Structure formats: structure tokens, C-alpha cells
Amino acid sequence: MTTIKVLTKINAPIQTVFDLSRNVDAHQKSADFTKETAIDGITSGLINYNETVTWRGKHFGVYLNHKSRVTAMILYDYFVDEMEEGKFKSFRHEHLFNEEDGITIMKDKLYYEVPYGFFGKLFDLLFLKNHLINFIIERNKTLKALSENEKQ
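Here the sequence shown is numbered in our numbering, starting from 2 and rising by one per residue.
I should point out that these hints are in silico values taken from the structure, not numbers from a laboratory.
Here the structure is a predicted model, which means the values were calculated and not measured.
Check each hint, because a few of them may be wrong.
DSBU-like cross-link-like pairs, simulated, lysine-lysine; straight-line CA separation at most 35 Å [as the list claims (entries may be wrong)]:
#: 1; residue 1: LYS6; residue 2: LYS30
#: 2; residue 1: LYS130; residue 2: LYS36
#: 3; residue 1: LYS108; residue 2: LYS59
Label pairs and their calculated CB-CB ranges [stated by the list, open to error]:
#: 4; residue 1: LYS88; residue 2: GLU149; range: 26 to 36 Å
#: 5; residue 1: LEU127; residue 2: GLU100; range: 36 to 46 Å
#: 6; residue 1: ILE75; residue 2: PHE119; range: 30 to 40 Å
#: 7; residue 1: ASP41; residue 2: ALA73; range: 20 to 30 Å
#: 8; residue 1: PRO116; residue 2: ASN150; range: 33 to 43 Å
#: 9; residue 1: LEU65; residue 2: ASN12; range: 28 to 38 Å
#: 10; residue 1: ASP78; residue 2: GLY118; range: 29 to 39 Å
#: 11; residue 1: ILE106; residue 2: LEU47; range: 19 to 29 Å
#: 12; residue 1: ALA73; residue 2: LYS142; range: 22 to 32 Å
#: 13; residue 1: ASN99; residue 2: THR72; range: 16 to 26 Å
#: 14; residue 1: LEU127; residue 2: ILE104; range: 33 to 43 Å
Backbone N, C-alpha and C define an ideal beta-carbon position, used for all residues, glycine too.
Take the sequences, apply the hints, and build the full model.
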């Protein structure tokens, strides 16, 4: 299993950051570089506990579908989405939020397993892990900008 952790500090209230993090429209804006769009389930607005969204995006030159369900949520503290259908063997993304002195600290913890044995692990080591880290960083840059602009 591969683990990725990314920490992002955002100068905005925790509620703003939390809601933008689960906003399907904001995600589509932040993932524009992969042409990622919501094609099924919740396709606009806020996703909530036990709801699903299916994403279609271009990764490594190929369009892929990924269906996730929000499996846990405590408002403004955290939410978790887990893959129900997709190319991973397993995929779990924990979104954790904490506010300190008006700054929201957003932590992403991503846990996933790749299929295809040795070849999948090699692909992960050479390409996939860095692709996912960059995807989260780019997503979080957009969320940061949106959150900080909303604060004004």
C-alpha cells in the first residue's frame, strides 16, 4: 500500500475550506488540467455522507473513470472518500481540517493499492505516486485561492 500525505495552510475559515473541499464544481475547476468532470452521482454542489460521484479524467493520456463514495464525515473536521469502481485495487482519501489562529490546516492522506503485481508497483514507483502528489498539490492551490478569495 502506498501512502501520500500533503499539508496545506489556508488563510480562511475552516467551514469555507471544508465546504470547498467537498464541492464538486470546485474540484472540477481544480482538476481542469486533467479535464476531470463529474459524470454520475453528485455532479454539482456539495457531496455529503454516503453519496457518490463518478469522475472521468485524462491521466497518462487515457480517459479513466473513478467512482467514490463519502464513507465518513464529521462537519468541519474531516471526511473520507473511498473508491467503489476504478483502476486501483483500493483507494482511500482522508481530508482532515484544523483551524489555528484563523488559518485552516488541511491535511490530505491518501492510501491506495495498485493492481498488476510487480508491474503495477513499478508503475507506481516511477510515475503514479508523483502524479497523485502533483494532482493533490494543484487541487489544493485552487482550493486555497478560492477559499482566500471568498474570505474577502
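Each hint, compared with the structure:
no.	hint	verdict
1	LYS6 with LYS30	holds (22 Å)
2	LYS130 with LYS36	holds (19 Å)
3	LYS108 with LYS59	holds (25 Å)
4	LYS88 with GLU149: 26 to 36 Å	holds (34 Å)
5	LEU127 with GLU100: 36 to 46 Å	holds (38 Å)
6	ILE75 with PHE119: 30 to 40 Å	holds (39 Å)
7	ASP41 with ALA73: 20 to 30 Å	holds (21 Å)
8	PRO116 with ASN150: 33 to 43 Å	holds (40 Å)
9	LEU65 with ASN12: 28 to 38 Å	holds (34 Å)
10	ASP78 with GLY118: 29 to 39 Å	holds (37 Å)
11	ILE106 with LEU47: 19 to 29 Å	holds (21 Å)
12	ALA73 with LYS142: 22 to 32 Å	holds (26 Å)
13	ASN99 with THR72: 16 to 26 Å	holds (21 Å)
14	LEU127 with ILE104: 33 to 43 Å	holds (36 Å)
Checked against the numbered hints given earlier, the structure satisfies every one of them.
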